[in-house]
Structure formats: structure tokens, C-alpha cells
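Same order as they appear, the protein sequences are chains A and B.
Using the working numbering, you'd call the opening residue of the first sequence number 467 and step up by one each time.
Using the working numbering, you'd call the opening residue of the second sequence number 261 and step up by one each time.
Be a bit skeptical, because a hint or two may be false.
[What the hints assert, rightly or not] Derived DMTMM-like pairs (lysine to aspartate or glutamate); straight-line CA-CA distance at most 25 angstroms: (1) K485(B) / E498(B); (2) K750(A) / D712(A); (3) K727(B) / D664(A); (4) K727(B) / E518(A); (5) K708(B) / E518(A); (6) K576(A) / D590(A); (7) K646(B) / E518(A); (8) K575(A) / E709(B); (9) K572(A) / E709(B); (10) K646(B) / D481(A).
Calculated from the structure, these hints are not laboratory results.
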Amino acid sequence: MAILKVEGLSKFYKDVKALDNVSFEFDQGILSFLGPSGCGKTTLLRSIAGLEVPDTGSISIADKIQTSIERGILVPPYSRAIGFVFQSYALWPHMTVFGNVAFGLKLRKKSEEEIKRKVMSTLDLVGLQGRELRYPSQLSGGQQQRVALARSLALEPRLILLDEPLSNLDAKLREEMRVELKKLIKKVGISALYVTHDQDEAFTISDAVVVMDGGKILQYGTPDEIYNRPLHPFVAAFVGHAALVDGRVVRIEGDNCLVNVPDFNGADLISLAPKVVAAGDTCKVVIRTTEVKLSHDGFPKGTDNVLEGLMTSREYRGGLTDHRVQIGSKELVVTSHKLCPMIRVNGDGGKTFVSIDRSSISVIVTH
Amino acid sequence: MPLIASALAGAAIMTPVLVVMWRSFTSGKLGFTVGLNLTNYLRVFGDKDILPMLSNSVVYAAGSALLGTVLGAFLAWIVARTNTPGKALVELLPLYPILMPPIMKNIAWILLLAPRSGILNGMLQHFFGIETLVFNAFTMAGMVWVFGLACVPLGYLFLLPVFLSFDPSLEESAYIAGSKPVNTMFKITFPLAIPAFTSALVLNFLRGLRSFETPVLQGTPGNIKVFVSRVYDSMALEFNTGLATAYSVVLVVLSVITLYFYIRATRFSERYATITGKGYRVKVIDIGPWKYLTFLAVFLYFLAGIVLPFIVLIVVSMIPYFDYDTFMQFPSNAVLTNYYTVMRHPSFVTGLYNSLILSVTIAIVTVLAGIVMAFTIYRTRAAGAKVFEFIGTLPLAFPPLVLSVGLLIIFIGTPLYNSLWALGIGLFVAYLPYAFRNASGSIVNIHKELDEAAWVHGARWRHVFFKITLPILKPSVGGALFYIFIEAIRNVDVAVLLTAPGKEYGPVTLFEYFRVGQWAEAAAGGVIYLIILIVAVSVAKFAFKMKFSL
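From just these sequences and the hints, can you work out the full model?
Here you go:
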């Protein structure tokens, strides 16, 4: 049984396509929607909650239809039995922490005793015991966040929706909270949809990631698949430190393929072959620049993809260093860690050899 | 549900508006209609007085607006930017219009400025032997003086925040460039205050076009006709609804044009974003010996604009009858007979009771209706809800007198005619726009996610409305309730046509006393209202912690 099933969802704002025929299924765990602002991820989340009405398509939660434009079904948000954590937290300023968390329980006509028990245990769960009589304005950003979460969790929904819940926190707290958030969701054992524009956040928190752009789903997979086998140039560019160059497939050799890159002085690069590929296909070659090796002296024979270039500058970033290497008409920015043994260069410039392992290259056929 | 409630409120507004429009194109007396024609307009535009009337209306409104706004702006500048001694007197200014009902101002100034019986001319004659009647309340100058003073608080309130939150670096950079303080004042400070000044000026002009008491009490006796008094005469004296509505439509057109300029002016001032939200206090400037002149200005305004009318009203209410000699004998002849008289007079007692009951009821009902309308527009997906944005603002273009003309035409022949319901509906229609605009301003400022959080956690619209929206709106609801109560309890221009024997309205009774020459009784009644307002302000200030200054 799928906890969530979305079919053919589209939504227009005047001429802008916020959602363009979006379909996917989701079973359990934590699913992230990742994309730049305006990619439609928030519209998708709000449509699932029933806060937006799509123009076409349908949404089912736990096999019950919630939205179906074609069949004229639109379950209002208050009957969907989901949780929702808003970007602004949306804590009601005139209610205490207890009042905020108890709100939904009261509407469900629970007994006073049960409400009290449930609120207290939920506040315990999120680590806010003893704060129930405070008002939201008396809490720190991280604490407000927990209240927003507790307010949803108290209702024991099967699915919780989170709209960029950490974006209002400072960087350090954000990293702490995302680990804690993941632990908490796993502990409660509910499924979660998580909207974010930060790929680190998406990768750390989720079991699966949906990458969106222009209202479309570009790729749906595990974080590992998204990072190592991007199916779309945009995905490659958005999720990792990657350089993209145009190429043409020369031939296929078993699991590998040979791609000619005019920008690299017409060099042929060897890489793992994508599933569907034929000689003569035009393609995008995605090079993960954190995995590139550099050397002034060259590499032993048989090393993958050795290219010769000119280092133009280096930018020192503390633990990391960026090396700008001009290869043909393309500048490659190679980032290295200070302890990385694969980078054996010193001085500021000069002739530099570059080696790219075949597993560090993805080929995306564009025809 | 919220849609139905809003639709009812919308219908209450739209009906008199449409009736006025439609009735202006028909002929015949009260209630009866003889075909669609232009008879009324032919009479309106054929009237040889139409041009003088137009010019009177504009001169009166523009003159008062200019006098009041300039004076208000000047006082705001003195308070915010100068080291004038005694400027604390001016800081009470926002309280003054709350305490002094418009009709009481008119009565006080007529007692002071009346040509023959007036106190000031009497004093000139008595002390200086000047026989010519220098002052005359029943002239254009008299009207502009009285209504102009009523325009001061608005000019003050619009400009004070500008002068207070002015970015000091704008002036400091002028100093660095070599400009002296006075030059900087004129070249930098004042020009940057122009947008707010224009807004206040246009709004005061609109208030002048709509104002009722001054044109009827001062203009009519002096034979200076403006549109409002002409509408009133056609309705109250000639009972010619067709003519009254045709004059009304001309007045509405003038108001709409003014309203358009007002909207333009406020947009302009929003674009003129020199004032940042940072909370710095601007520097007070030492204006040297000039401060004695500004002190004099403040003192004179305080005396003439505020203290004098109060004193006159209180004294006149406590003398046996009003003429100059009796007035001057005070306090040796002080009596309370006027108070006994009005308190035994059924039309005043009923009127007082009705005005108290109705203004409390109307304040509650309009504020609730305004919130429901704003909620419908901004917080529900009800189809066509945007229409209410227009409908809720529409009465601003309709002078209150015109709205009551429309309502009166509707009520004739129904059980509502001559009932308290008629008065109540009239006040509701007149004050709903204020309630609505106040509520929509506040609702728009409530983050939408607060509502949505309630929706997804199981709330229906009624839960959202009563548990989220209303509690969060509480502070602004208090202010709106108080404002509408204060405005309604002293209303004359809506109530004047809708009262009936046994269904009096207090301020209208005072208006009638004054018109028939019972000046001392009118003053006594006025002082009673003054006491009610002081109590209301004190309760609001001390029990509800409401603030009356910036």
C-alpha cells in the first residue's frame, strides 16, 4: 500500500507552470523534494495538504482519494489527517505552547485528561518538557520549531509534511536539527515529505529524493543514485560539485563507453556507460570535481582519462583548496582536501596533469 | 457562512447607493415614481445658484483643508523638531477631536462669533467701543475658521510620524554640504514631508465636502449654500427626493474625484520612501529666539482652538439664558436650570438613551461585520469575494447625509420607517467602511500560515475565525470598537433625516435646540455628552490601556 500516490498533477499561475503533470508514488520513510525556488516543490506539498487546488490530477493518501479534479473530489485540509510544519512555524501567538499543541486534539473532542497526557508526552518527545506554559514569542527559534513539530505529531498522523522547516535557523543549529529531526521521525515511525532547496539537507535527512525544476520531476531516487547517477544535466549541476561539458559518444566497450569532448582539445574520455546509449549520441558529460586527481609530473600508464592543462590560480579555503585548471577551452575547478594524497601539486601555476576516474564521470544522453 | 454574512452587509450598503442613483433619474414626490427622466438634473443644472454653490463647496472645503493642514503640520514640526517651551500642550492634540463633538464646536464658535449676540463682538464693543461687527460666524471666513480648526488634528497626526522618524543622515549630509539648519529645514526637511502633507490635505478636503454641521448651522443662516446643505434642504424642507438625490449624485461625483486624488497621493507617498523603519529619534533643533514665536503660536492655538470653546460651552450651559450681558455676569448668576430642563425634556432623554444604546450596538455589529467581510475576502476561497473589497470601501465616496437620503427613500412605506432600526441601519452603513478597512489592514498583516496551520490540524472556518483570527485581532478590535462608538454617539449627519418623534437621537436633538434658538439648553446637552466622552476615554485609557498619542 502506498502512503501517497500523486497522478498527473498540474497547476498554472496565469502563464507560469508551477506543476507540470507530476506523478509519483511513495511508500514509507522520508522523501525530500529538492529544487531551486520556484521549481514547484512547495506548491506540490501544499496541494498534497489540500491548501492549494491543482488544475488537473489526483492525490491519494493511504489509498484514499483526497484530491481528484477529474472526479470532483476535494477533501478539505482539516479532514486529511496529516501533519504540516510550516516554514514560518505558524505558531499561534495568542496561545501557550500547551494551547498550540492541544489545538487539534481539542477539535477532535478528546477528553481533557487524554489531551493533557498526549500534549505532555509529545512535548517530552521533542525535548520541551517544562515549557508548556510559555508563549511562542518567549522561545528560541529552535524551540519554536520543536513546538511546530509537536503540534503535528500530537495528532498521530500517518504522514507529516515539512515545508523548509529549518530555513529560519542559523547554520549551526540547522545542522543539529536535521539530524535530530530525522531521528525523531524515525522514532515515531511515520512517513514524511520534506521540502528543501539545500542538497546537503536533502541527502542527510531522506531515504529518497525527488529533484524538481520548472514544475517537473527530473529524477526520483535514493540520495546515492541522485548523486552518482544523475539522469538529467540539471540534477547533476544542482546536487553536486560537478562540471558539465558537451560530448559525443564514440563507441561502446562492454560496460564502458568512450566519449569525445571537443572542449578538452577533442580528447576521448572513458566512462561507465548509461543504460541506454548508442554510438553517435550527443551527451552531457558530468565530472564530479571533488574526485579529480592533479599532478605536475603525470600519472602512471593505464590511469583513466589523463588530460594536460594549465593551472591558472588556486583559492585557499582553509581545509579545502580550489584549483583552477584550464583544459582546452574549459576551466575545471578542482576542490581538494588538504590531506588528500591525490593532489600532488605545489606552486601557483604551470603545466598540470589531470586524471578523472571513469566512476567519477556520468554520461547523460541528450540525443 | 462568512460569505452569506458578508453578502447581507454588502446588500445593506449597495441598496441605498443604488436607490440614490436610480431615484435621481425619476421625478415625483416621496416614494412615487413617474418614469425615467432628467427633470432633476435639468433643475439642478438650470439652477442659477449652481455655479456659486460649486464654488462655495470647493472654497469652503479647500480653505478649511489648507488652514487645518498647514496649522497641523506646523504644530507637528514644532513638537517633533524644535525646542519650543510648552510644546507638551500640543501633544494632547489627538485627544481633542475625541472629546469635542463636531456639533459642539460649531455651537461654541457661533456663540463666540455671532454678529449681533456673539461674545467677541460684544467684548470689542464693551471694552474698546468698536461698534462695527468685526466677527461673523455666518460667512465663508467663519465657516473656514471653524471647520479649519477641526482639520488640524488630522494634519498633525499625518505629519508627526514623518518628522519623528525622519532619517537624520538626510539632514546631516546637507550640513556637511554647507547648508545651515534653517536652509536645511526648507530645502530638505519640508520638501520630504510634502507627500504626507498632500495626503492630509486631500483627506481634509474630502471631509470638508462631506461635512454637515458647519454648512447647515453657519452657511445656511448666512445664505452660503454648499451641496450638503442643499441636499438637506431639498429633503428636510421641500421633501423632494428626486432633487435631493440629483444634488447628492453631483456631490458623490466630487467626492469620487477627490478620493481618486487621495489614493494617488497616498501611493505617491509610499513611493517617496525616505523614512526607514529604524527607530532613531531625530535631533531637536535649537531655533534660538524663534522659540518664543513658536511658543506663542502653540499657546494661541491651544487657547483659541481648544480651551476657548470648552469654556464657552460650560459657561453658557450654566447661565439662565444666552446673551452677552448674562454671559459676562457669570459666575455670579450660575444656575443648573438648563441641565434640569434638558434632563426633563423627553426628546433629549430619549435621544440620549438611544444614542448610547445604538452607538454601543452599532460599534459591536459593524466591527464584527467588518472582520467577517475582511475574513471572507482574504481568508476564504469564496468565489467573487473580491467584490466586497469594492463594496466595503464604497460608502467612503458617499457623504453620510447622502446615504441616509437613500435609506429614507427605501424605508418609506415599510415598518422600518420612523423606527430605531432605520437609525441603526443608517449608522451601520456609514461606519462599516471604517470597520472593514481597519479589519482588512490587520488581517492582511496576520501571516497566512497561521490560518493554514489551523486548517491542516483539523479546524473548520468557524474554528479558524473564532480561535485564531479574532483573538489575534483583539488589539485592533478594541481600537475600532472605541472609534466607532465615539463617532456614532455624536453623529448628526446620518441620524438627522432618520429620527422621528419618540425615536430621537441625542446629537440631533441638540442640533434642533440650537436651530430654534435654545442655545443655553443646547450647551447644557453638549456638556452632558462631553462628560460621557470623558468617561469613555478614561475607561479606554485606564481599563483597556488604550493609547491616545503616538
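Check whether the Cα positions of K576(A) and D590(A) lie no farther apart than 25 angstroms. Satisfied, since the Cα-Cα distance of roughly 20 angstroms is no more than 25 angstroms.
Check the hint pairing K575(A) with E709(B) against an upper bound of 25 angstroms on the C-alpha distance. holds, 24 angstroms
25 angstroms limit on alpha-carbon distance, applied to hinted pair K727(B) and E518(A): holds, 23 angstroms
Straight-line alpha-carbon gap K750(A) to D712(A), limit 25 angstroms: Since the Cα atoms of K750(A) and D712(A) sit roughly 5 angstroms apart, the hinted pair holds (cutoff 25 angstroms).
If you draw a straight line from the CA of K727(B) to the CA of D664(A), is it 25 angstroms or shorter? violated, 35 angstroms
Quick one, are K646(B) and E518(A) close enough, alpha carbons at most 25 angstroms? Distance ~18 angstroms between K646(B) and E518(A) Cα, so the pair holds.
Are K646(B) and D481(A) close enough, with their CA atoms no more than 25 angstroms apart? holds, 22 angstroms
Given the hint that K708(B) pairs with E518(A), test it: the Cα-Cα distance must not exceed 25 angstroms. The given pair, whose Cα atoms are some 13 angstroms apart, holds under the 25 angstroms limit.
Compare the distance between the alpha carbons of K485(B) and E498(B) with 25 angstroms, and conclude whether the hinted pair is satisfied. holds, 16 angstroms
Restraint status (C-alpha distance of K572(A) to E709(B) at most 25 angstroms): holds, 20 angstroms
The earlier numbered hint that this structure contradicts is number 3, and it is the only one.
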